[in-house]
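Chemist: One-letter residues, chain by chain:
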Amino acid sequence: MTTLWVAMVGVALASAAIKAAGPVLVGGRELPPRVVSVIALLAPALLAALVVTETFGEDRHLVLDERALGVAVAGIALALRVPVLLAVALAAATTALTRAFG
Amino acid sequence: MTNNPGGCEDLRSGGEEQETSSGSYRAGARAAIPFALAVFVVGISFGVLARSLGWGIIAPIVFSVIAFSGSAQFAVAAVLGAGGSVIAAILAAVLLNARFGPMGVAVAPYLKGGPLRRALEGQAVVDSSWALASRGGGRFDREFMIGATVPQAFAWIFGTAIGTVGGDFIGDPERLGLDVIFPAFFLVLLVEELRGGRRAVVVALVAAVLALTLVPFAPPGVPVIAAACMAALVGLRRSP
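The listed protein sequences correspond, in order, to chains Z and L.
Taken in order, the first sequence gives residues 1 to 102; the numbers are from the numbering used here.
Taken in order, the second sequence gives residues 1001 to 1240; the numbers are from the numbering used here.
Hints listed in this document are in silico derivations from the structure and should not be mistaken for laboratory results.
Note that the structure is predicted; figures quoted are calculated from it, not measured.
For each residue, glycine too, the CB sits at the ideal point set by N, CA and C.
One thing to keep in mind: the hints can contain errors.
Per the computed footprint, the stretches of chain Z lying under chain L, defined by three or more beta-carbons under 8 Å from a beta-carbon of chain L, are [claimed, not checked]:
id, segment
1, 3-13
2, 16-30
3, 36-47
4, 86-98
Short derived list, chain L residues pointing at chain Z, Cβ under 7 Å [what the hints assert, rightly or not]:
id, residue
5, Gly-1023
6, Phe-1100
7, Pro-1109
8, Phe-1186
9, Leu-1189
10, Ala-1208
11, Ala-1228
So here's chain Z without its partners, still in its complex pose (with noise of 0.2 Å):
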């Protein structure tokens, strides 16, 4: 038991040192222009590794499961101008379908 609640507080001191550091670092500064064209790129990147590893990632394996079917239809339905609650409604009923039936 104990050792979980020194992971525990371990876990939550890290990651508040993470999310201090950027903002007392810098501080009120006004990021040099060659900063600031990274950060414009940071959240396409980002986001686009969130998607396929969240999509595709499980354990360190690469698997094509019901999630990808979910995301793809959340994909089509965005493309074709669907509302974005509907079209991650659709994922997630594609995904659950696929689940009980596939």
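Fit chain L to the given chain Z structure using the hints.
Modeler: Below, chain L alone, put in the same frame as chain Z:
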């Protein structure tokens, strides 16, 4: 607003209210409601998992309050559940959360106050809030981001509590396909970012390929950080 594929503007814009800061907090909170629902459900599944590992009722809830980090908390559960050491658990969590480092640098100029207050405001950085508050060209809306994080924090803690207490009655949330909500929403936010131009599209493609390539070889979290580093290299090389 007429050119609105995917309806992303609905998620992000606060309309006239965005002109005032309290309006921007509210707009952020409203935009985050769908995410908060997803976070709530994932919180329940974390509670159920933690309970099944014999963590009791108090510890999982305290963990969600002090860490407020889904991916890190699941990683700790996985490592400790498999008999791993405390150090291994903390290391896995650090790797998974390392992306919040560059994200914190990105929002830093927009936060307020002295070091302590900035450190506190920086805790509001979570993937969805950060991306929702991105205004393109590296600019961020501080109030919108903080507003977006508040309902998600409550949802995470409340969901964990429900999962630990009532887990036996709920069953497996994956059955409902709810684990696909996060990648689907990140896709929504990505589509919005891709309108930033051809460079964003190229970086996103390379990031996706790089991350997928690394999944089998690197611990979880590293593929996402590698994608961020790659974006940095492209940004530095081709900046004016």
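Chemist: Hint by hint, note whether the structure agrees.
Modeler: We went through each hint and held it up to the structure:
no., hint, verdict
1, 3-13, "holds (count 10)"
2, 16-30, "holds (count 14)"
3, 36-47, "holds (count 12)"
4, 86-98, "holds (count 9)"
5, Gly-1023, "violated (21 Å)"
6, Phe-1100, "holds (5 Å)"
7, Pro-1109, "holds (6 Å)"
8, Phe-1186, "holds (5 Å)"
9, Leu-1189, "holds (5 Å)"
10, Ala-1208, "holds (4 Å)"
11, Ala-1228, "holds (6 Å)"
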